Amino acid sequence: MKAALVLAAISLGCGGARSWIIAPRAEVPISMSDGLRAVDGHLLVPQEKHVVGEFSLDYKPWSMLFRLISFTGDKDISDEVNKQVKVAGGDAINNLQVFSGNCTWNVFTLVGVLPDCANVSIRGDIIKVSGNGRRVEQAQREVN
Amino acid sequence: MRATIVLAGLLLSACATIINGPRQEVDFRTAPAGASVLADGKEICKTPCTAKLTRSDEHVIDLQISGYYPYHLTMRNHGSNWILGDIFTGLAFMFVDLATGSCWYLTPEQVDRTLEPLMAHAPDDGRVRVGVALQPEIPR
Chain A
38 MKAALVLAAI SLGCGGARSW IIAPRAEVPI SMSDGLRAVD GHLLVPQEKH
88 VVGEFSLDYK PWSMLFRLIS FTGDKDISDE VNKQVKVAGG DAINNLQVFS
138 GNCTWNVFTL VGVLPDCANV SIRGDIIKVS GNGRRVEQAQ REVN
Chain B
414 MRATIVLAGL LLSACATIIN GPRQEVDFRT APAGASVLAD GKEICKTPCT
464 AKLTRSDEHV IDLQISGYYP YHLTMRNHGS NWILGDIFTG LAFMFVDLAT
514 GSCWYLTPEQ VDRTLEPLMA HAPDDGRVRV GVALQPEIPR
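Chain order of the listed sequences is A and B.
Everything in the first sequence is counted per the numbering used here, starting at 38 for the first residue and increasing by one.
Everything in the second sequence is counted per the numbering used here, starting at 414 for the first residue and increasing by one.
Incorrect hints may appear among the rest.
FRET-style restraints, in silico, Cβ to Cβ [what the hints assert, rightly or not]:
| id | chain 1 | residue 1 | chain 2 | residue 2 | range |
| --- | --- | --- | --- | --- | --- |
| 1 | A | Ala41 | B | Glu438 | 46 to 52 Å |
| 2 | B | Asp525 | A | Arg62 | 15 to 21 Å |
| 3 | B | Thr463 | A | Gly138 | 26 to 32 Å |
Quick caveat, the hints were computed from the structure, so don't treat them as lab data.
Fair warning: this is a prediction, and the values are worked out from it, not measured in the lab.
C-beta: ideal position from N, C-alpha, C; glycine also.
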């Protein structure tokens with residue numbers, strides 16, 4: 038009994054979730070920095086990049102057994118990227134950021150062997166390119 | 414002791430509805446001021462302004478003013494921790510919070526944006542270029 042309590046005690050907070058964000062079918066460049074390249078490889082200057090919207094996507098990955106088993110696995114954001122960039126009239130996404138935090142369910146999972154979740158928020162700037170930079174390097178995809 | 418627990422349960426019943434209410438105030442500010450704020454395709458105010466948006470839905474926001482690039486974002490709704498108070502009432506009042514939408518909160522809670530002007534600029538090659546933005550079609 039004492040061993041079980043000790044195990045439960047040291048397992049507290051070992052829950053959470055694990056997943057991977059991918060965008061293999063994104064039709065626009067995605068960057069986690071504020072850099073964006075034209076076809077000829079030159080970095081676009083700020084005057085050629087205009088923020089016309091915010092990319093946002095929230096999801097809740099689930100895992101169990103101390104995150105060893107991921108139920109969510111890969112999170113493909115390609116469709117959301119294509120849709121949101123199109124609606125905003127943009128050409129690319131810059132400054133993509135990923136945030137993760139606790140979800141309410143965490144309070145019910147005292148030990149990591151139970152299924153657990155996390156709240157993941159993805160945010161980025163939707164960029165419209167003007168001038169020479171209109172020819173954006175399509176191959177630039179930097180989602181990790 | 415039992416009476417205290419019952420009283421606490423009653424006080425916390427549907428607490429998300431009592432504390433939050435079904436709508437959330439969102440502040441909109443832009444530079445320059447005077448931009449139209451469109452929520453789900455309908456103009457609701459001009460910046461700077463505060464609007465009340467339903468918590469139960471996500472909202473597509475567009476900021477528009479002549480001579481500047483428009484700005485587009487989606488307000489996401491997330492679960493409010495106030496709904497945990499419904500546990501004390503055996504979850505009975507959770508349905509009230511869910512029905513009123515009070516168990517959600519919208520992010521971002523305020524929108525403060527500097528809009529980028531549509532303007533000509535002269536890069537290093539000396540040629541002047543004029544940027545023109547087409548206003549995207551707003552889904553209705």
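Right, here's what the structure says about each hint:
1. A:Ala41 x B:Glu438: 46 to 52 Å: Given about 49 Å between the Cβ atoms, the range holds.
2. B:Asp525 x A:Arg62: 15 to 21 Å: Roughly 33 Å apart at Cβ, these two residues miss the hinted range, so it is violated.
3. B:Thr463 x A:Gly138: 26 to 32 Å: holds (27 Å)
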